[in-house]
Amino acid sequence: MAQKKNKSSEELKNLGLKVIKDIDKNKNPTITMPIRALSNILFNEKTKTLELGNKTSNRVFFNVAHAKKFLQTIEIASILKKELLDTGKHEHLRGVFYIAKRTVPGTDINIVDDQTESDKIIEDLEVITGLSREELHVSANKMGSLIGNLILEDSGDTIDCSKLGRGGYSVPSITDELTFKKVNAKYVLYMEKAAIFERLNEDKFWQKNNCILVTSQGQTTRGIRRLLQRLSEEEKLPIYVLCDGDIYGAYIYSVVKYGSIALAHASERLTIPNCKYIGITMDDVVKYDLKKQLIKLDEKDLARIKQVSQYDWFKSNKDWQKQFKMMKEFNGKVEIQSLATRGVSFISEKYLPEKIKNKDFLE
Amino acid sequence: MTTIAEELAKHQKVISISEFFTRNRHLLGFDNPARALLMTVKEAVDNSLDACAEMKTLPEIIIQISELSESRYKIVVEDNGPGIVKEQIPNIFAKLLYGSKFHRLRQSRGQQGIGISASVLYSQLTTGKSTKIISKIGTKKPAHHFELKINTKTNEPEIEKDEILDWEKSNGTRIELELEAKYQKGKQSVDEYIKQTAIVNPHAAFIYTNPEKEKIEFPRVTNKLPIEAKEIKPHPHGTELGTLMSMLQDTRARTIQQFLQTDFCRIGASLAKNILKECNIIEKTNPKNLTNEQAELLFKTLQATKIIAPPTDCLSPIGADLLEKGLKKEINADFYVTTTRTPTVYRGMPFQIEAGIAYGGEIDKEGAVRVMRFANRVPLLYQQGACSITESITETNWKQYGLQQSGNNIPTGPAIILIHISSVWVPFTSEAKEAIAHYPEIIKEVKLALQECGRKLASYIRKNVKAKENKDKINLFEKYIPELANSLANLTDDKKEIIQDKLKKLLKKELPTLEAENGAEKE
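Listed in order, the protein sequences are those of chains A and B.
Residue numbers for the first sequence follow my numbering, so the first one is 2 and each next one is one higher.
Residue numbers for the second sequence follow my numbering, so the first one is 726 and each next one is one higher.
Hints may be right or wrong, so weigh each one.
[As the list claims (entries may be wrong)] Here are the simulated DSSO-like pairs of lysine-lysine, each with C-alpha atoms no more than 30 Å apart in a straight line:
no., chain 1, residue 1, chain 2, residue 2
1, A, K69, A, K28
2, B, K1227, A, K19
3, B, K1221, A, K22
Since the hints were derived computationally from the structure, they do not count as laboratory data.
Full structure from sequences and hints, please.
Have a look at this one:
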């Protein structure tokens, strides 16, 4: 462990030394980094993951458009090195923002004005150094829960995830260092909605079906993604993803499966290429008679469908293209909760068991 | 016993136009003393400019307003126009609704002929005095001096004096009248009217003496006369049923076929034949003998028939160059942009939009942008809110053109927006002629003109504001350097002071590049 921290500290120092080298050579100080935008995202058909391409951009100090960002990059790198890596401490994204937030003397300019700025710089530092945020000792908010027949060890504590009441285990933002002690489950069901997690837990779904339930509200956090990946790779558990039947649900699934544009540099440690989409599909809308529950698409939805359906990782997927087509035909989207129209526990007693039994999944 | 109707009949009588005016002066723009002053100057100056246009001469107009008592003013307007023949002087100045402009379709300033005689009547009603006119039609002709009033019952001129006098001018007309009025400064003042008139009439010179006895000269900036506006015949699509019926009675044509061909524009022989065939009207019918039903059918057919748009050579725009010159001489700004759209048509009436924007300089930075509206080179100072030009302005997204705007309001910032509509028939919302009616074609054209100017304004603002920002940012490097040196020292354990000194040297070297570059992301 200690070695890893030294490595992270060294990488950040190297960044500084490179800049000093430019200064010594009387050259405009320059930081080169891969571009993190759709234009530089490649879909690797073989590994089924999103990868960063070769396009790079330069951030130079003596340029009115870059100067502040350049300063932010070096300043936050020095904070991460001095305050965290060299002392062995961890800090939240929010905390890093507050350490960096101060006014440049003689001006009314802050080094960073809001957290999105420092968050972006930390992502930049990840791609510059090739280190993950976790390796840089930066954590994010806990946003997820887990429940099921799983015993794990977290910082020396042994936790039985089947004995944690209604709330379940609160998944930390860094899940690399958890160890799985005992796993007794046939699959993992990951859902985008905490409300469904609560419903399934109340119905004892995980006990009756011998599975692990995981949720994170909305977009899947890195901690959850890493945890799911480890459950898939280390414990060979199938991962099923349950989302709303809309374009955002489809994108959440694709992030878990293939990776995201913003974190393509970390794909290797986060993606689960063999996970499956369990629902809700547009076919479910027909099969389970949910047409009356459809919510009309607005302009934003339609624009997003057009955009997402063109992504390389969806473009050649016929099943998904059919889903997108049906969304447009129905001119509607459907929430997981709409299944409640057929009975409060319809989802745990009928819908999910039937889908899993019939292997009614989307790839 | 008399019936109620018979009883009522005793009280029913013709109201003379003059009486109607007395009771409804607000409809004509004489509703308060300040506005009455403005309306009078405006009618007189408009007439002078139109008269000079007829004569194809460069106008030189003298305006004098003097305060006689707190609420009484004397107005004198004098031009170098063609003058008026003796016989017509009483009719033109002392008979309401007399004029040559109402009956023809031609771009001119005054359109309805209510004009100057309304001021004469107002003068007489508020002061009891007659109006003095001097007019001379040529060097060798005598100058005629009249003193006139209007008979409010009969709407006929009452001539109180008619004499010949010596006048140093070779030709021209001078009007002098007294009225109850109020002189004020501001957006709706005589001063503003003259200033705006000078902007859109860059070929005219004005010499204005205000009640404070200040003499203000508005010189001309071009010796080029505006293109002469041609008179056109009405277009069928712009003709209403009532107009068609009176045209049928007044025509000189002997057959209905001839009537269609000669009294309208854009109707040829074969089109006329087709239209008549469709209406089942015999070509040889005398227009005067058409029944009401036939006239209505003819009207409907004309509206439904596809007819080529009217010719647009009847318009006389100011021109983008001259409009810019006009703006420059009266408004002190940093940037000017003007445009002239190609002519187009609303309801069979040709019209053309011109727009201009002045930005920066001495223009007030606070509050809403000043809007200057013009119709046929006449400033519109009242009823801005009711005008379709205002609607076009508020519906334009000015943020993209570098001005501030909250919601659908007039934008704010140091700018003046000018809009000029030229048309043979400007559709005003009322007889006071201060607001343009909301025709979709007009709103659209104004917007397009504004967008054209807006784009140029945006690029000016981008360039100039950007340049200033760039300079400010360069000055920031001196402040950034100690910060960067400190961070780098923390990161690498090197000495802060050494890094800082080197960075300072680098800054000197990079400075010329920084000043030249525009800060685009490099890939």
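Check: Among the hints numbered above, which are violated by the structure, and what are their numbers in rising order?
Finding: The structure conflicts with no hint, since it agrees with every one listed earlier.
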